[in-house]
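S.K.: Working from the sequences, and respecting the hints, build out all of it.
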Amino acid sequence: MEFYMQDIPHEDFLPIFVISAAVIMFGMMYAGFFTIVKLRLVKRYFMVFAYLSWLALVASIYYLGELLRVEPYTQKVLIGAMFGYLVFPHMVYFILEKVHTRYEHSN
Amino acid sequence: MQGSRLYEGQKLALKYFFVAVVLFGAQLLFGLLAAIQFLYPDFLFGVLDFSINRIVHINALVVWLLYAMIGAVYWLLPDEAGIEVVGVKLANLAFYILTAAVAVVVLVYLFIQVGPGKESTIWFITEGREYIEAPRWADIGIVAVVLVFLYNVYATVMKGKHTGILVVLMADLIALAGLYLAGMFYTDNIAIDQFWWWWVVHLWVEATWEVYVAAVGGYILIKTLNANRKVVEMWLWIEVAMMFGSGILGLGHHYFWIGTPEYWWEIGALFSALEPVPLVGLFVHVLYDWGKERGKGNTIKNVPAFAWLTVETFGNFLGAGVWGFMHTLPQINLYTHGTQWPAAHGHLAFFGAYVAIMISAIYLGIQGKAGLKELKMTKAGWWAITLITVGVLLMTVALTISAYVQTMVERGMYGATWEGFFVAQADVWFTQGMGWRLFSGLMVIAGYGFLVYDLLTCDKKQPAEVYEEEAAAATA
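First to last, the protein sequences are chains A and B. If you read the first sequence in the numbering used here, its first letter stands for residue 1, the second for the next number, and so on. If you read the second sequence in the numbering used here, its first letter stands for residue 108, the second for the next number, and so on.
These are calculated hints, taken from the structure and not from any lab test. Since we're looking at a predicted model, the values are computed, not measured. Keep in mind that the hints are not guaranteed to be accurate.
Claimed, not checked - The list that follows gives simulated cross-link-like pairs (lysine-lysine, PhoX-like), each with its CA atoms no further than 25 Å apart:
| hint | chain 1 | residue 1 | chain 2 | residue 2 |
| --- | --- | --- | --- | --- |
| 1 | A | Lys98 | B | Lys403 |
| 2 | B | Lys399 | A | Lys98 |
| 3 | A | Lys43 | B | Lys399 |
| 4 | B | Lys568 | B | Lys476 |
| 5 | A | Lys98 | B | Lys330 |
| 6 | B | Lys568 | A | Lys98 |
| 7 | B | Lys403 | A | Lys43 |
Claimed, not checked - A few chain A residues that don't get close to chain B, going by computed Cβ distances all over 12 Å:
| hint | residue |
| --- | --- |
| 8 | Ile8 |
| 9 | Met28 |
| 10 | Phe34 |
| 11 | Lys43 |
| 12 | Arg44 |
| 13 | Tyr45 |
| 14 | Met47 |
| 15 | Phe49 |
| 16 | Ala56 |
| 17 | Val58 |
| 18 | Ala59 |
| 19 | Tyr62 |
| 20 | Pro72 |
| 21 | Lys76 |
| 22 | Phe83 |
| 23 | Val99 |
Ideal Cβ placement from N, Cα and C applies to all residues, glycine included.
M.R.: Encoded structure:
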């Protein structure tokens, strides 16, 4: 537990708050760009922004882990979770689309 | 559908909505008084202290949201089940008993205020637990009223149609009501007391209320966008799984510093980090439904309701997701808890996750009461949504600035000392943040004025074609 909770210098507070916000914002941008491109509300090349957002998310998570002084094992788990999040919008959209197609004329 | 053609359950829903809007006003008024007292501590000192204003501000929020939630269920229940609410007379009686009890409790808060440290105070004045301060006699009354409500819901669904939205609501309402019991017993050990108290507060707002919102949000999507019911209901089940999956053990982030074992740090950190994921999913879902229906050229059937639902989606994400995650992980929460960080997060999260969607549900009621095929946004409606939303966002930013000062000065530089507390409170950035919070509170109150005006008049200010469509439908 001592490793888990090291003191954080107060000059790191602001970067922690900003990067924490960035984690959530990039997460939403990835899912948002992915969805609107799939729905053809914008041109297909906007998908690049989706994956750039995901890359920014991974970088943010890594940096947040550094700032919070998490142990190396947790750092690996965090990056692994990012690959899970890479799949997440694909999975949600796939299920939504399948259900929509199946029940297109049911209402 | 004219008012006389509404189900009795829907007429009851309108009564719940009416009281909810009145209590919303009370919440804002007492919040304003408390905000003034942050800047001018002598204001109403000894008459209506900050502690009392805060109690009324917070409890009015919880109670008006519960009124609106119950109202929304009574609104959608007969519509979804296809039959009148079973036991609607009993439900009406319960409404009047609950409203009388709420009035008595508020009067006691305002005029009796505090009592001696005896059992009688817990029974007749206040239990002293944040958010659920109601005295025990009122607790028991609330349980009785909720049992009537559950009976209405279960008996109606059993007799009528079993839609996915109703089945999710049935399961969720049992959990929501059952959790209230965890806040009804008292222990002398404050750590144990807080342990159970969080079961009510956290497992309401970050689990059962979120699932409730997903179900009612699904109903609103069907009504406003004509969204595909199967897609809505399928998504609802996924969301229930995700919200309960992350939300239940997300409870851990409230157990960091109250005397519970240290393993809660890791549990709280992991599940708190997962909590924004369903919010991203909800965002994708609303975007998906809007995109699909927009492609078909469908018009929005109730613009104010859909606008508030959109505010809900983004507000929930920003307030609960972004502002929650910024200060929740235990390493940083060590320095942020007990400052204005939770206040900044709480204001935007409650507004985004619950206030916005309840206003959306109330607009559905207004449309149904007036019997309009469509409800367009009026100027007053736009002023209301703009002033309230911008006001709450500004309030959140102002509170965040004050919170940052507290974190840096009180916690970081002075090491959470008594001296550090007062140095931070006197810091010019802290007081300026509080000043902007007061200003933004006035904006919200102005928006509330527009909202009340719009709710009372918007059905009479609709374009002619909306009435014509209704007339045509009535003669068809």
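S.K.: Take the hints in turn and mark each one as holding or not.
M.R.: Hint check:
no.: 1; hint: A/Lys98 x B/Lys403; verdict: holds (18 Å)
no.: 2; hint: B/Lys399 x A/Lys98; verdict: holds (13 Å)
no.: 3; hint: A/Lys43 x B/Lys399; verdict: holds (16 Å)
no.: 4; hint: B/Lys568 x B/Lys476; verdict: holds (14 Å)
no.: 5; hint: A/Lys98 x B/Lys330; verdict: holds (22 Å)
no.: 6; hint: B/Lys568 x A/Lys98; verdict: violated (41 Å)
no.: 7; hint: B/Lys403 x A/Lys43; verdict: holds (19 Å)
no.: 8; hint: Ile8; verdict: violated (6 Å)
no.: 9; hint: Met28; verdict: violated (6 Å)
no.: 10; hint: Phe34; verdict: violated (8 Å)
no.: 11; hint: Lys43; verdict: holds (14 Å)
no.: 12; hint: Arg44; verdict: holds (15 Å)
no.: 13; hint: Tyr45; verdict: holds (18 Å)
no.: 14; hint: Met47; verdict: holds (15 Å)
no.: 15; hint: Phe49; verdict: holds (15 Å)
no.: 16; hint: Ala56; verdict: holds (15 Å)
no.: 17; hint: Val58; verdict: holds (14 Å)
no.: 18; hint: Ala59; verdict: holds (16 Å)
no.: 19; hint: Tyr62; verdict: holds (14 Å)
no.: 20; hint: Pro72; verdict: holds (15 Å)
no.: 21; hint: Lys76; verdict: holds (14 Å)
no.: 22; hint: Phe83; verdict: holds (14 Å)
no.: 23; hint: Val99; verdict: violated (5 Å)
The structure does not agree with the numbered hints 6, 8, 9, 10, 23 stated previously, though it agrees with the rest.
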